[in-house]
Amino acid sequence: MRSNVADFTLIAPPTLNATLEILACDSSLYTPIAGGTELMVALSANRLAQKNFLSIKHLTELRFIDATPDAITIGSGTTFTDIRRHAVIATDLPLLNQAASWTGSIANQNRGTLGGNIVNASPAADSPPALLAYDATVTLVSATGTRTIPYRDFHLGYKKTVLRPDELLYSIKIKRNFGGYITYTRKVGTRNAQAISKVALACLALLDNGVVRDIRIGAASLHETPIRCTATEQSILNQPSTPSTIAAARAALATEVRPIDDIRSTAKYRAAVAASLLEEFLRTLSG
Amino acid sequence: MTTVHFKINGEEKSVAAPPMKRLLDVLREDLHLTGAKEGCGEGECGSCSILMNGELVNSCLVPILQAEGTHIMTIEGVAHLVEKNEKLHPIQQSFLEKGGAQCGICTPGMILATHYLLDKYPQPTLLQIQEGLAGNLCRCTGYMRIFDAVQQAGRQNLTTGVAE
Ligand SMILES: Cc1cc2nc3c(=O)[nH]c(=O)nc-3n(C[C@H](O)[C@H](O)[C@H](O)COP(=O)(O)OP(=O)(O)OC[C@H]3O[C@@H](n4cnc5c(N)ncnc54)[C@H](O)[C@@H]3O)c2cc1C
Ligand code: FES
Ligand code: FES
Chain A
1 MRSNVADFTL IAPPTLNATL EILACDSSLY TPIAGGTELM VALSANRLAQ
51 KNFLSIKHLT ELRFIDATPD AITIGSGTTF TDIRRHAVIA TDLPLLNQAA
101 SWTGSIANQN RGTLGGNIVN ASPAADSPPA LLAYDATVTL VSATGTRTIP
151 YRDFHLGYKK TVLRPDELLY SIKIKRNFGG YITYTRKVGT RNAQAISKVA
201 LACLALLDNG VVRDIRIGAA SLHETPIRCT ATEQSILNQP STPSTIAAAR
251 AALATEVRPI DDIRSTAKYR AAVAASLLEE FLRTLSG
Chain B
1 MTTVHFKING EEKSVAAPPM KRLLDVLRED LHLTGAKEGC GEGECGSCSI
51 LMNGELVNSC LVPILQAEGT HIMTIEGVAH LVEKNEKLHP IQQSFLEKGG
101 AQCGICTPGM ILATHYLLDK YPQPTLLQIQ EGLAGNLCRC TGYMRIFDAV
151 QQAGRQNLTT GVAE
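Top line first, the protein sequences correspond to chains A and B.
Counted from 1, the first sequence has number 185 at position 185 by the numbering used here; the numbering is strictly sequential.
Counted from 1, the second sequence has number 160 at position 160 by the numbering used here; the numbering is strictly sequential.
Be a bit skeptical, because a hint or two may be false.
Stated by the list, open to error - Cross-link-like lysine-lysine pairs, in silico, DSBU-like; alpha carbons within 35 Å at most: (1) 51(A) / 13(B); (2) 160(A) / 268(A); (3) 173(A) / 160(A); (4) 173(A) / 87(B); (5) 7(B) / 98(B); (6) 7(B) / 51(A); (7) 120(B) / 98(B); (8) 120(B) / 7(B); (9) 13(B) / 120(B); (10) 87(B) / 98(B); (11) 175(A) / 51(A); (12) 120(B) / 175(A).
The hints are simulated quantities; they were obtained by calculation from the structure and are not laboratory data.
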């Protein structure tokens, strides 16, 4: 059943400040809408609980990519196409570039935003594993100011985040200190293109004489939120990647993932494929 | 109701509509431009593809208020060139010659996605075509004829140029 569009309101305040003022007055009233590639699907399917929307798509203050020698800061309103077109992201943040190219079709990438992908808080979304591996920080903004927190603390539970209703996600910042890191990312879905993941990993590792000196593993669809697999990371840190440390890492992974059965896959399949992806990554680290 | 102003296929328009009304419905119901089709209504099929400020987008996912001040091109805008030139747009001609259109439901979206692709890659590789059209589903052709049509349009690009 189609929704009756006349039941919904949508406003587009001219600036970020005006938007934040409105959210400060009565944040319970309005839901932000950026590219709409989540919310408009819900509208068509008559699944939209909210009635009043506030467009942030036109706010140029939220659409930027700022690369300094130390860090890359991405405005929440940046589209996946913007990310794919950015030369510094392509060279310095290949995991994020790859995630952007996976996020639906070209038309979807032209509209969908990084901020929408994060705030929508799907455990299967494509950019979170990369952002977790890169240890991104996120800046939240409201009429009363900004706060910056590690992205790994952003998700509280299934579709629950620390974002207050009067706040917007403003930007995502990643340090540019991954020179020399080995990268690995793989998304497993029903087919290669245009499918939401059943399981995905985004990984980084730094080797020193064959010993793993730093390792970060971000995962999608293995928990009620996107997660960093810290127990798995710890199991192999400061060791070489060998058949026995790989076996230990697989065992550690099994202790920290909580995959579920749903329409896209089963918990059993997800756990098995995640372990295989982990092994595929760790084998690239073996001498 | 909100009044929204935009340029469509080169013409200034203003439409009064509920602000969350989908651009697709405004095109079809208010402006009687029925070239863009509704296949899925959820961003999966691309039959509602249009160009908004030169970017390929699914018009079923755009609330009309977000079209304020934009330039929109629909398949009618591509076909409009027919009147000026008395011949089909090279992309249309290629789809016709190569059998890239059968029932025609996906065709307006395919042609706009092709238009967008050829703007970026005038001579696209097969992989670039596959990625560029991956958001456009076709139930009839099996895609091979569509890929042939796009490649032919690309080759023609070399000599004539397909830009508006
Ligand atoms: C056909 C199709 C295929 C898709 N494929 C994929 C895929 O493969 N992988 C994937 O990860 N996703 C996929 N998506 C989902 C979607 O495109 C992404 O999640 C996208 O990033 C959402 O961004 P948006 O700006 O369109 O979000 P919107 O729909 O505008 O918003 C989504 C949510 O985020 C909130 N929000 C948005 N921006 C902010 C902000 N700055 N501050 C606070 N709240 C905000 C909104 O209130 C809403 O709750 C697909 C969607 C479609 C339709
Ligand atoms: S109708 Fe818009 S993508 Fe299918
Ligand atoms: S020609 Fe019929 S759907 Fe493509």
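Right, here's what the structure says about each hint:
1. 51(A) / 13(B): holds, 27 Å
2. 160(A) / 268(A): holds, 25 Å
3. 173(A) / 160(A): Measuring from Cα to Cα gives roughly 21 Å; hence the hint holds.
4. 173(A) / 87(B): Not satisfied, since the Cα-Cα distance of roughly 51 Å exceeds 35 Å.
5. 7(B) / 98(B): holds, 32 Å
6. 7(B) / 51(A): holds, 28 Å
7. 120(B) / 98(B): holds, 22 Å
8. 120(B) / 7(B): holds, 23 Å
9. 13(B) / 120(B): holds, 28 Å
10. 87(B) / 98(B): Measuring from Cα to Cα gives roughly 17 Å; hence the hint holds.
11. 175(A) / 51(A): violated, 38 Å
12. 120(B) / 175(A): Holds. Residue 120(B) to residue 175(A) sits at ~31 Å (cutoff 35 Å).
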